[in-house]
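Number of protein chains: 4
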Amino acid sequence: MEKERIWKGRIDADPDSLAAKFTSSIIIDRQLYMQDITGTAAYIIGLKDIGIISGPELKKLLRGLEKVRNAIEAGKIDFNKYEDIHSLVEYELLAHAGDVGAKVHTGRSRNDQIVVDELIFLKESLLKALNLMLKLEEALLDKALKFQGLALPAYTHMQQAQPVLVSHYLLCFFEKFIRNIYKLFDTFESCDYLPLGAAACAGSGYGLNTDLLARLLKFKRVGANSMDIVSSRDYIIDYVYCCTMIMLNLSRFCEDMIIYNSGEFSYINIDDSFCTGSSIMPQKKNPDILELIRGKSALVSGSLMQAITLFKGLPLTYNSDMQEDKKILFNAALETMQSIEIFTKVLENIEFKVLRVNEDKAPGFTCATDAADYLVRKGESFRNAHHIIGRIVKYCIENEISLEDIPLEKLKEHSSFFSDDFKDAIRLEKCISSKKTVCGTSEKSVEKNISRGIGKIKKLSQTANDLKSRIPDFDELLSKKN
Amino acid sequence: MEKERIWKGRIDADPDSLAAKFTSSIIIDRQLYMQDITGTAAYIIGLKDIGIISGPELKKLLRGLEKVRNAIEAGKIDFNKYEDIHSLVEYELLAHAGDVGAKVHTGRSRNDQIVVDELIFLKESLLKALNLMLKLEEALLDKALKFQGLALPAYTHMQQAQPVLVSHYLLCFFEKFIRNIYKLFDTFESCDYLPLGAAACAGSGYGLNTDLLARLLKFKRVGANSMDIVSSRDYIIDYVYCCTMIMLNLSRFCEDMIIYNSGEFSYINIDDSFCTGSSIMPQKKNPDILELIRGKSALVSGSLMQAITLFKGLPLTYNSDMQEDKKILFNAALETMQSIEIFTKVLENIEFKVLRVNEDKAPGFTCATDAADYLVRKGESFRNAHHIIGRIVKYCIENEISLEDIPLEKLKEHSSFFSDDFKDAIRLEKCISSKKTVCGTSEKSVEKNISRGIGKIKKLSQTANDLKSRIPDFDELLSKKN
Amino acid sequence: MEKERIWKGRIDADPDSLAAKFTSSIIIDRQLYMQDITGTAAYIIGLKDIGIISGPELKKLLRGLEKVRNAIEAGKIDFNKYEDIHSLVEYELLAHAGDVGAKVHTGRSRNDQIVVDELIFLKESLLKALNLMLKLEEALLDKALKFQGLALPAYTHMQQAQPVLVSHYLLCFFEKFIRNIYKLFDTFESCDYLPLGAAACAGSGYGLNTDLLARLLKFKRVGANSMDIVSSRDYIIDYVYCCTMIMLNLSRFCEDMIIYNSGEFSYINIDDSFCTGSSIMPQKKNPDILELIRGKSALVSGSLMQAITLFKGLPLTYNSDMQEDKKILFNAALETMQSIEIFTKVLENIEFKVLRVNEDKAPGFTCATDAADYLVRKGESFRNAHHIIGRIVKYCIENEISLEDIPLEKLKEHSSFFSDDFKDAIRLEKCISSKKTVCGTSEKSVEKNISRGIGKIKKLSQTANDLKSRIPDFDELLSKKN
Amino acid sequence: MEKERIWKGRIDADPDSLAAKFTSSIIIDRQLYMQDITGTAAYIIGLKDIGIISGPELKKLLRGLEKVRNAIEAGKIDFNKYEDIHSLVEYELLAHAGDVGAKVHTGRSRNDQIVVDELIFLKESLLKALNLMLKLEEALLDKALKFQGLALPAYTHMQQAQPVLVSHYLLCFFEKFIRNIYKLFDTFESCDYLPLGAAACAGSGYGLNTDLLARLLKFKRVGANSMDIVSSRDYIIDYVYCCTMIMLNLSRFCEDMIIYNSGEFSYINIDDSFCTGSSIMPQKKNPDILELIRGKSALVSGSLMQAITLFKGLPLTYNSDMQEDKKILFNAALETMQSIEIFTKVLENIEFKVLRVNEDKAPGFTCATDAADYLVRKGESFRNAHHIIGRIVKYCIENEISLEDIPLEKLKEHSSFFSDDFKDAIRLEKCISSKKTVCGTSEKSVEKNISRGIGKIKKLSQTANDLKSRIPDFDELLSKKN
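Chains as they are written, first to last, in my numbering: chain A, 27 to 508; chain L, 27 to 508; chain S, 27 to 508; chain F, 27 to 508.
Bound conformation, chain A alone (with noise of 0.2 angstroms):
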């Protein structure tokens, strides 16, 4: 039974046999065994409820579903015998059920079926990267409280440009996936719709009773288009577009932790079980971890891009370019999953080894801008203080002292406006406090958005657990048999 195919309909031949390696998808698909299953239990539900099947032919279904589950889980079926998921649950349904699996196709099609699998598995995919958004904001929010206290020059140009809290350079990142984390719940409302009804493209010629089957496999709206749901594949380009951000930031970040890890930045430490050594330079202490992840995120990006350009043009409805869809989404699911939860368990293991705030030290020249800043409060115009200070750095510069060394007759030669608490004025913990905007570095509002990102991922933890209610479950739907 196995060579039979489901779509054997006016073709005679049997497939030459490269072509049936080269068309089988089942060394990809065979991922969504459980979607399917899970969808063909709610379908099977559905035919009864409009009379295609009895109730007795139901529960042996139903149990034979079971069955096909329990063999797969087993490790009982070879799944190369079939072409794709889908006929392997048909055919091993008729080998456990009986005759009465033929009627499980009635109304149905492969076409609908697998927007069915794809979209439990998006759902399930993107609760899963919600969890671990979330631990990662929570790690990060960890460490914010942690290293209060400590400064480290903001970079602009990969130059020192002004001096932040730890604290506030880790609540940039927190800012940066707080978007990936709404996007995601974005694209987990923009898929939740029922494709079922659907049938190869037209509708199915069954009044199925779609309400109901969305209920039992917890999709919120009904498709409204048989042609849409059939063609569109928006919903696998929209994860891709998700992992690829997280995947930027991630990026972005790690760069920044690899610089800061090398020995002439040296602001981290790295805990040994997270980096690796070389194998002929015995002094290095790699961080693999956070180059890799980088190195994913053009593994990512190229997916979106073979999801967007497989789309390019591809006419009305379906067409078997789609097939490969799958490939792509779970390259990008897997990369990005696992970037995600190691980056969260190497930046618990890492330590920033720069200033405590309060130390007393100046802050280089980091704080020029807070010497322009000191100017403009004394009563000059800030273009005019930036040029005077401009030149006092050069100076400095030239003459290799720190800002805060120079002589006050000095800097009056530059600006009359300058006196006895310019020193002050200029100390690290200044540069700090004087930031107050919302936004700004200065502890105060650094710990206001800490506190308030608690809230936030409170709050969003409880919305991510109530998605739990939105995948369906296939032993829920078992239960309805008798």
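Among the hints, erroneous ones may be present.
The list cannot tell twin chains apart, which means a pair is met if one copy fits it or any two copies do.
Straight-line C-alpha distance at most 25 angstroms; calculated DSS-like pairs for lysine-lysine [what the hints assert, rightly or not]:
| id | residue 1 | residue 2 |
| --- | --- | --- |
| 1 | K161 | K482 |
| 2 | K494 | K154 |
| 3 | K371 | K107 |
| 4 | K404 | K456 |
| 5 | K379 | K420 |
| 6 | K404 | K129 |
Simulated from the structure, these hints should not be mistaken for lab results.
Please arrange chains L, S and F on chain A, whose structure you already have, making use of the hints.
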């Protein structure tokens, strides 16, 4: 004065002329002049609020800005004298308002200023895209109403699959575009935050009233982290992603229309005023516009790749790489807007030359599924019914007859379930009316979906209209000068 | 022993288990086992040459490598115990050859070793691709010979333009693929250099005889700069670029064939054994394979993007990001090889069902250019002739007649140049035979191009065959042990 | 006349004004005016050769073309009146040369004409790129010569690995760029074929002397298949690929220089005239140009994606999608040329502020490999030596001492192989001189590679110079008028 660079800090040498040309962005960011002037107007009102400038100075500066705006719009300003739009506005303001202009940059940096400009541009552009997309949807609904009663085959694998209503076909794209519209709304919300107060990267050293600034510039929220504000361009990537998804769906619509416009398909007629001919082959009637849109979908998706790659592995916070973001943004915006607009016009000038549903013709082999459904309704299992009809179709092809022309006896050789009512069951009208699931192609479902669509567009148009109040207006700000 | 990491320098802690899994590449690079063993065999011969190991040690080590190879091929080695293929070979060699195995890494690093493995793989893979492409070209020439005498319309803008020979159509792709073939040869040449001697990045501290190593491993050149050798993967990007260009041309060929296979065009017949049917629509005969190849072209071009993005802005020299290169390479190679191979088989099973050239039918309006050329030959300027024929075609369309059916008097109303010989001038046979430029579709030009093509493929096949001698062979190296 | 479209065949209606604007390409392809005029000049010489135009007509037309060229260059032509450059040249020629201009399009189509224009542009542009790249290589060799005797650490994983000569570092990029240069040459060869004779797609109906045309236009070969000629843009993709690979290597060079320019690394000093400051932070000295180039690498690789996606699944032969190819081409060309040129200037203005090789300082832990090599030379196996040195490095780090400061007795605790000569073996000078493989960083190898490089560039410059004779010249063609 024009040779003076606003960033001239400790740098002595004049820039090399080739370097100056290479680093200049004025040829691109001049498009942002209105946004820069508007952002500056709000900012100086904010500076007055915290006492950095006086009431009379504010008046002078606002009048100065007005003059700068007028000078630009009268073509009286030589853009090429300046390296970027911020320098232009600042120096022209100095020229038009006098020395007080030197205060404008107090507590602000080009790093947050450019974000203000871009976010205002984005919100305007998103609103424009929304309105264009809503018009396209209206055109689709108009056509769907107009073409009720016409049918064409739906295709899978570029093979005739099942008959559908032309209206159903059009609603398929209505659904795709609705998703694009929601994405535009989501992107609007996600990029609606005030960047001012971030300054260079650590936050402003002045106690700016960011709530006031947000109100003046119509931003819904105040940005939360200064480093994030100056380092992130997620909003641009999101915007270009919206463009990509719109163009992707347009590319598929165009592909179909190009094929339907071929002599072999001949399903549509495009009005001459939207076609071109050939310089050498006088018989041609080329769907250039549709081809160009399909081509532009490649440009826009490549732009997305540019935006993403630009940020891959980029360290915090601001880097000059980001200066290139505007080219990407403006190109993607231009190609997309033009494409939506012209596509809508082409669509309005397309006629469908296909079958009337009630013409009583049989729909070729596209009724095969209905033939199988017929057997199922008579008691056959679907899988068997599929095989039986498959064999009959093969017989028809070999004998060059159609399904409706096979005598009943012949049919009965294949299955005893066949009877007199078979021919009626596979009439075009029946094939269509039988697909009565919510998403199916039956007249009733389609009618319902059209009127739902009309309601939805009405509501979304209202929502889009409400967004106008979230776009800042320079003239309104000018009125604050007293 | 398996838990011992070869890079364990100053790192104390055991790697975190999640980290170990994340950084491991064995699941991917196990494919390179034969290349790693071969590279190692040559290297130890080189070590003997400079006296690092003795003759008996060499013997022991080569025998050890042989055993490792055999153990792997007998499935006796648990790959998952190792983090990468280099560790596997080194530790298994230690196990099979004893302590002398600890000398194998002298003056070599995983940084140059992986390049050896990849370059050998690439050269093998390029040769395989060359042979597949040459077979495809042969199949094209066979078909071109077979289908002489058949004509179909050439299309521009998906509109019938001018009649061409089917052979001419096929030769179009012959030319495209020839360019791909040249690119494969070029890439082979550019990646044919010995990386050994580069060690970690600064060059080997031992006086390796790189000429000998190059000879043993069949590399044409010796790499010129150690930092370049360990930091560059240009060869992988070049390879994936070759794949992309091949797939791009295949995607266009597939697109045409998919359209020609539609019921509306019906130009070709694909043998049943290379089509599939529908699970719900028994009349379908779907060109799945062609659609899949078109889809895979998106995968491969996305892989190119992955490879490029991976290296964007990557600092020198080796970074772990580069570990991801193999996934990209292997995926692109697999999809491309499979696609070329199966496409060749499909092509061999396609029949053209189009017009015979000498059937004396007129080629519809596709003879319009010839009609204009007729007028030009009679004395009209081309631009005027184009306008005259344009008006006549319009007249024909409105009156539903063909060009050949217009009475001469009617034609003369449009131009006095028309005379009796017009009908003959626009016969299909004439339209084709008149295109006698070297690149034109006349029988003569096409025949000449077919025989030129046959000669070219013969020569290129010989060149490809010669490349075999530039692929290293482990068994040949083994023979050096005495 | 300007409203007359040259393609006006059977199309009646005037184009819709929005449609006309949308389909017009003049704003882009006006850059090709000289190529179009040159191609046309050669073509009419070819038409005279086969008797389509007379000697006096040829004279008139060439004079007309000369006038058109002059009018364009004097700014006397309103480009916006025309839809594309071909129409412009044709109609302006009609205006300047009279009715005989109507013959110019005989046997030619815009489909082959645009390929002529593009191929001429490409050859010119490739030659320009070659010269710029050769200059960059010369600058690199100059710097390599100049900085002999300076050393810096080579990095792997952004960790100091081993000391190398600055010259060696620079030669690394020399090698990368050499590969780019070869690719430019290869692309020149592959795009050097005459497209004329292909006409619309089937070949010209006139017996054109294509050998003559190729000679006149300096094309090496005559294109082989008309359908391929008008449907392929492989040459554009190849060109943009060249640009991408150049930019990719530049992006890595820039990344290194940006990091080396940081205060933490401080390896280089970029001349002030190639840096910019900050508008708010006066101490900054930003490597804008390098960042911009890194950013532009994202633009160019996105352009490659655009070019590839444009052709994915595009049916034969010409489609208007292809009109967008010029935007892609011109953008990629512009960004790349500018980047190479300015980068060369920046490079010339960079000083290295690193260690002198003979300063007798120890190179920190970057001598660790040499320390291990020391033990191997004394008789230890490499793997053991690696472990021993690893432990010693760890000891040094914990005790904050350097390798050279450990007393011999302490060393002997780790291995009895240590002796008096150890300290000398790990001096910077020794670490460098020991890497004497051909590709290693020893002074000798580097010197040899510099002089080899000088020879190579000399030869390649000659080859590039020879290509000038393969660029057509309008004035030379004009001289044929008598």
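Outcome of the hint check:
Taking the closest pair of Cα atoms, K161 and K482 come within 25 angstroms of each other only inside a single copy of the chain (13 angstroms); across copies the shortest separation is 38 angstroms, beyond that limit. Within a single copy, K494 and K154 get their C-alpha atoms as close as 10 angstroms, which meets the 25 angstroms cut-off; across copies the closest is 37 angstroms, which misses it. Proximity of K371 and K107 under a CA criterion of 25 angstroms is satisfied inter-copy only: 23 angstroms between copies versus 41 angstroms inside one chain copy. In the homo-oligomer, the alpha carbons of K404 and K456 lie at most 25 angstroms apart inside one protomer (16 angstroms), although the nearest pairing across protomers, at 58 angstroms, exceeds that limit.
In this homomeric assembly, K379 and K420 come within 25 angstroms of each other (Cα to Cα) only across copies, at 19 angstroms, whereas the closest approach inside a single copy is 29 angstroms. For the identical chains of this complex, K404 and K129 are inter-copy neighbours only, at 13 angstroms across copies versus 86 angstroms inside a copy, given an alpha-carbon limit of 25 angstroms.
The structure fails none of the hints (numbered hints given earlier).
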